[in-house]
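K.L.:
Sequence:
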Amino acid sequence: MDYNFQEIEKKWQKYWSDNKIYKASNQSSKPKFYILDMFPYPSGAGLHVGHPLGYIASDIYARYMMAGGYNVLHPMGFDAYGLPAEQYAIQTGTHPEVTTLKNIERYREQLDKIGFAYDWDREVRTCDPKYYKWTQWTFIKLFHHYYDNNAGKAQPVTRLVEHFQNSGSANIDVRHDAHEPFTAGQWKAMDEQQQQELLMHYRLAFLSDTMVNWCPELGTVLANDEVSEGFSVRGGHPVERKLMRQWSLRITAYADRLLDGLEKVDWSESVKKQQREWIGRSQGASVLFEVEDHPEKIEVFTTRPDTLYGATFMVLAPEHPIVLNITTPQCRGPVREYIETTKKRSERDRMTEVKKITGAFTGSYAINPLNGERMKIYVADYVLAGYGTGAIMAVPAHDSRDFAFAKHFLLPILQVVKRPDEILTDPLEWDDSYDAKEGTLINSGVITGLEVAEAISKIIDYLEENNLGTRRINYRLRDAIFSRQRYWGEPFPVYYKNGIPYTLSEDELPLKLPPVDKFLPTESGEPPLARAENWKTAQGYPLETNTMPGFAGSSGYYLRYMDPQNDEEYFSKDANAYWRNVDIYFGGDEHATGHLIYSRFWNKFLFDLGMTVVEEPFQKMINQGKIQGRTSFVYRITGKNTYVSLGLKEKFSVTPLRVDIGLVQTIAPETYKLDIAGFKKWRSENADAEFILEDGKYLCGSEVEKMSKSYFNSQNPDDLIEKYGADTFRLYEMFLGPLENDKPWDVQGIEGVFRFIRKLWRLFHDEKNQFSVSDQKPEAAELKSIHTAIKHLHDDIERFSFNTGVSAFMICVNELTELKCNKRMVLEDLVKLIAPYAPHIAEELWHQLGHSTSVVHEPFPKFDAAMLREDTFEYPVSINGKLRFKLRLPVDMSKEQAGEIALKDEAAQKWVEGNQVRKIIVVPRKIINIVVG
RNA sequence: GCCCGGAUGGUGGAAUUGGUAGACACGUUGGACUUAAAAUCCAAUGAACAUUGCGUUCGUGCGGGUUCAAUUCCCGCUCCGGGUACCA
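According to the working numbering, the first sequence is numbered sequentially starting from 590.
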């Protein structure tokens, strides 16, 4: 074999590793550049071809920046806590650590084979006590801080205690859960437990009874972003709502800063938008309504206080605490029944039955504070307990849901906003409500005649002046539930004394995950850690048995890379001052509402502590697309062990079954043939299967789905690297198409890239595979070719267009081959150019060229525009915008002259004849267009 | 429902600022080399019409528009993918 990639790649991988070529130093005179990949969860299936897509892109960029003279930090690690290893442990008894370490080892091997420029000395693993010590440490800090709205940052709880001692709960603007106000005297009179309970309403990491997403199948609570449409994102198990005492992080305190920070980062609009919507800030007013014959008042949140005069009834969420208090005896039966049925309805049912209008009248009336009108109070589950106050004022004329509800229950509808040219009609006759925020107020007392925007601000002033309500901002974002009833996660550095949680002291960290006999909850339903022997402090106080969620460890890993071996600190001030934040983060946009929000919160908190110097952790982000798998299907005739080929399946009643794509061969585009012998061997029950063929073949159906081991459609890179080498594999992944696009994986085409790389090799070698370059001065054509490539590659990398980069190489190598170019001056530039994409072959050729140092540190070739200068340009000449012929003209020719020559051309005359020439447009170096008619 | 992407040959895709649509590959077909195969190389390859050649017409999801010129800008639609979902 001429180009022996196996030998070459092994050789240079060893060289890089032995010589620590990719080591990043925390001291350097060079400018820093921090480039980060989202670290993987090492699953049992190993790396599949989707993982390296972003890694290869970031690796190319990292190498390009190294060549550009930057001190590049390009680390990798493992997000090692996760459900799959624990589920496996439950099934087999294998400790999740054993599984995880094995998987990490396999991932590492696979990553190494691709030739990444990682500084492995900085590797972090979230399950390593040296690492999770700092996850626990941050939790302790969160516990001992509260959020001061005035200072706009987190402050130590000790400050808060001081304030309580001096002034009680008054005169302080801090983020907290609702509680009864108290005076300094009352505070001092409280016992330890009462004080601690109050402080819990302020801490940034706090314990509370909250409605959580409980997943019985996984035996744990999940965060909102871990649930999708009523099912767990991992595993797809049903999730229910449950009231539980859980740790949460008060991320809502940072809602505004999380929103504002988005203005400062260079991320895709779609991810920013997803985060904005997830945070869901809305401005409006909170309004207090009296209840007839009851002492209670009901607070509602509305973004449309201008429509207050049009509020004709009120709706409470079934979970609203006041519901049963105000329900009259006559209505108690139906209301109770309604609450019961809504409780039984699963999240799933609620979602699918959105259009169904249900509710029950409580028998009580609220009083509209502006006009004194009586408003029926209903209970209905279209009002959510978790948003706003769990109660709404219903304005059926201007809210479509209220409108539908009013129609259904025959409630009054009163119009209060009029469109500009609207002729007023009876709202009871309307088909839809008028929801838009445009128009003039009518029937609205003090705000009648005003435009909506004006009316909103005026009515809030009015409400505030009369103590009827206040201006208010509301968020959709919930505090992040931080407890998991699982084994495989970070233990909380928390113990309980008389039921009150206290944190361990910092010198007791890390609190290591204890051994347990089984990875299951206890018989009494406590989390697995309750099984651990001696799970208590030295003083005998019981330790917390919950563990932290998956996002705990990943929220600050990028900081630890800056100073990964530090045993004294999370990371040193110096290290952080040097690396600051991540300059470019490569990863999937599916983390928009999870990891990417949590990390930003985590970083902002550490910023408040003065530990990080930049508030936003990830300056720029590139979201690579997902690589989807092509799943193959076979069709089994129902009830028989007979499989029918794709084209004939309509004639039978069949069940489609996924089949391993390793058993399927692409014989033509979109045509897939089953390897019947292999299929019979694949699973024992297939051994005596029968087949109904078409044209002597069994054809499979196919569908594009996410790549997953359970769909039998995942492709791992190992086989391809074995067959073609890592450089070809890297180039091919990039050649597939634009990085950000989702795309189905297809190996058709890798041959072309492999051919290219061998062609590159042959530029440097003769027919006998002898290295052969000439020191002669290159020809103009050769220089033009290489400089075209230099310019292209530079521009392509700058705009993260790696697929066009690969074709630029192909064009250049094709041209140089054509020119039979083996000039050192040209080829050296070519090697440096391709080194980020195909580092192994580049390093080999570089050394063959006689160099003894790595090509990695060679500067990227400089583009010289003079090399591309041409004296003439072949103008496309069009007549009336249609290309008719081409004409080579000197580039410095005047427009007039060029136009004239083009017009006189024989080919032009054919079209011009008998017509009048109206106009000649000449765009230098672009086009000539002759307009006739 | 709402929001965001996208739609270009048989396939993946290119066209960076409105200026030669289909670069670069794959696949297919034909040919060279070879005992043969692999590998390699050469040629053709958007469609239709015309083929004796020069060619001609159409063509970037659909329908309009702006312009000397539109894959690119504007208006209206269709389909596909993704996100989100009673958020008051």
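Derived from the structure by calculation, the hints contain no laboratory data.
Please note that a few of the clues may not be correct.
To be verified - Simulated pairs of lysine-lysine, PhoX-like, Cα-Cα distance not exceeding 20 Å:
| hint | residue 1 | residue 2 |
| --- | --- | --- |
| 1 | Lys612 | Lys742 |
| 2 | Lys996 | Lys831 |
| 3 | Lys1332 | Lys1366 |
| 4 | Lys862 | Lys831 |
| 5 | Lys1312 | Lys702 |
| 6 | Lys1409 | Lys1357 |
| 7 | Lys862 | Lys1209 |
| 8 | Lys1215 | Lys1229 |
| 9 | Lys1332 | Lys1380 |
| 10 | Lys609 | Lys619 |
| 11 | Lys1412 | Lys1451 |
| 12 | Lys719 | Lys1162 |
| 13 | Lys853 | Lys1209 |
| 14 | Lys742 | Lys621 |
| 15 | Lys1107 | Lys722 |
| 16 | Lys945 | Lys862 |
| 17 | Lys1286 | Lys1240 |
| 18 | Lys1086 | Lys1125 |
| 19 | Lys1107 | Lys1125 |
| 20 | Lys609 | Lys621 |
| 21 | Lys600 | Lys621 |
| 22 | Lys1101 | Lys1125 |
| 23 | Lys1348 | Lys1270 |
| 24 | Lys1515 | Lys1471 |
| 25 | Lys1373 | Lys1451 |
| 26 | Lys1270 | Lys1229 |
| 27 | Lys1357 | Lys1373 |
| 28 | Lys1412 | Lys1357 |
| 29 | Lys1451 | Lys1484 |
| 30 | Lys1348 | Lys1412 |
| 31 | Lys932 | Lys831 |
| 32 | Lys621 | Lys1162 |
| 33 | Lys1295 | Lys1238 |
| 34 | Lys1295 | Lys1332 |
| 35 | Lys1421 | Lys1451 |
| 36 | Lys1215 | Lys1373 |
| 37 | Lys621 | Lys1209 |
| 38 | Lys933 | Lys945 |
K.L.:
Run every hint past the structure and note whether it holds.
P.N.:
Hints and how they fare:
The straight-line distance between the Cα atoms of Lys612 and Lys742 is roughly 36 Å, outside the 20 Å bound, and the hint therefore fails. The suggested pairing of Lys996 with Lys831 is violated, with an alpha-carbon distance near 33 Å, which exceeds 20 Å. For the proposed pair Lys1332 and Lys1366, the alpha carbon gap of about 44 Å is over 20 Å, so the pair is violated. About 30 Å separates the Cα atoms of Lys862 and Lys831, which puts this hinted pair outside 20 Å; it is violated.
A hinted pair counts as satisfied when its Cα atoms are at most 20 Å apart, and Lys1312 with Lys702 qualifies at roughly 13 Å. Our distance criterion of 20 Å between C-alpha atoms is met by Lys1409 and Lys1357, whose separation comes to about 16 Å. Restraint check for Lys862 and Lys1209: the C-alpha separation of about 15 Å stays at or below 20 Å, so the hint holds. Of the pairs offered as hints, the one joining Lys1215 and Lys1229 is violated, with about 37 Å between alpha carbons and a cut-off of 20 Å exceeded.
Under the criterion of a C-alpha separation no larger than 20 Å, the hint pairing Lys1332 with Lys1380 is inconsistent with the structure, at around 28 Å. Restraint check: the Cα-Cα separation between Lys609 and Lys619 comes to about 18 Å, which is no more than 20 Å; the hinted pair holds. Distance check on the hinted pair: Lys1412 and Lys1451 sit about 17 Å apart at the alpha-carbon level, within 20 Å; holds. The suggested pairing of Lys719 with Lys1162 holds, with an alpha-carbon distance near 18 Å, which does not exceed 20 Å.
For the suggested pair Lys853 and Lys1209, the alpha carbons sit about 10 Å apart, so the restraint of at most 20 Å is met. In summary, the hint linking Lys742 to Lys621 is not supported, as the alpha carbons are separated by about 29 Å, beyond the 20 Å threshold. For the hint pairing Lys1107 with Lys722, the CA-to-CA distance comes to about 24 Å; that exceeds 20 Å, so the pair is violated. Only pairs whose Cα atoms come within 20 Å are accepted, and Lys945 paired with Lys862 is rejected, the gap being roughly 30 Å.
Taken as a hint, the Lys1286 and Lys1240 pair is honoured in the structure, with Cα atoms around 17 Å apart against an allowance of 20 Å. The straight-line distance between the Cα atoms of Lys1086 and Lys1125 is roughly 11 Å, inside the 20 Å bound, and the hint therefore holds. For a cut-off of 20 Å, the pair hint linking Lys1107 to Lys1125 stands: about 19 Å separates their Cα positions. The suggested pairing of Lys609 with Lys621 holds, with an alpha-carbon distance near 18 Å, which does not exceed 20 Å.
Proximity of Lys600 to Lys621 is assessed by CA-CA distance (about 29 Å); at most 20 Å being required, the pair is judged violated. As the CA atoms of Lys1101 and Lys1125 are separated by approximately 12 Å, the hinted pair is consistent with the 20 Å bound. Among the hinted pairs, Lys1348 with Lys1270 is inconsistent with the structure: their alpha-carbon atoms are about 40 Å apart, more than 20 Å. Under the criterion of a C-alpha separation no larger than 20 Å, the hint pairing Lys1515 with Lys1471 is consistent with the structure, at around 14 Å.
With a C-alpha separation of about 13 Å, the suggested pair Lys1373 and Lys1451 falls inside the 20 Å cut-off, and the hint holds. For the suggested pair Lys1270 and Lys1229, the alpha carbons sit about 18 Å apart, so the restraint of at most 20 Å is met. Of the pairs offered as hints, the one joining Lys1357 and Lys1373 is violated, with about 29 Å between alpha carbons and a cut-off of 20 Å exceeded. Under the criterion of a C-alpha separation no larger than 20 Å, the hint pairing Lys1412 with Lys1357 is consistent with the structure, at around 18 Å.
At roughly 33 Å between alpha-carbon atoms, Lys1451 and Lys1484 are farther apart than 20 Å, so this suggested pair is violated. Restraint check for Lys1348 and Lys1412: satisfied, since their Cα atoms lie roughly 16 Å apart, inside the 20 Å limit. In summary, the hint linking Lys932 to Lys831 is supported, as the alpha carbons are separated by about 10 Å, within the 20 Å threshold. Restraint check for Lys621 and Lys1162: the C-alpha separation of about 16 Å stays at or below 20 Å, so the hint holds.
A hinted pair counts as satisfied when its Cα atoms are at most 20 Å apart, and Lys1295 with Lys1238 does not qualify at roughly 25 Å. In summary, the hint linking Lys1295 to Lys1332 is supported, as the alpha carbons are separated by about 10 Å, within the 20 Å threshold. Distance check on the hinted pair: Lys1421 and Lys1451 sit about 11 Å apart at the alpha-carbon level, within 20 Å; holds. Between Lys1215 and Lys1373 the CA atoms are separated by roughly 37 Å; this puts the pair beyond 20 Å, and the hint is violated.
The straight-line distance between the Cα atoms of Lys621 and Lys1209 is roughly 15 Å, inside the 20 Å bound, and the hint therefore holds. For the proposed pair Lys933 and Lys945, the alpha carbon gap of about 16 Å is at most 20 Å, so the pair holds.
In the structure shown, a violation is registered for the earlier hints numbered 1, 2, 3, 4, 8, 9, 14, 15, 16, 21, 23, 27, 29, 33 and 36, in ascending order.
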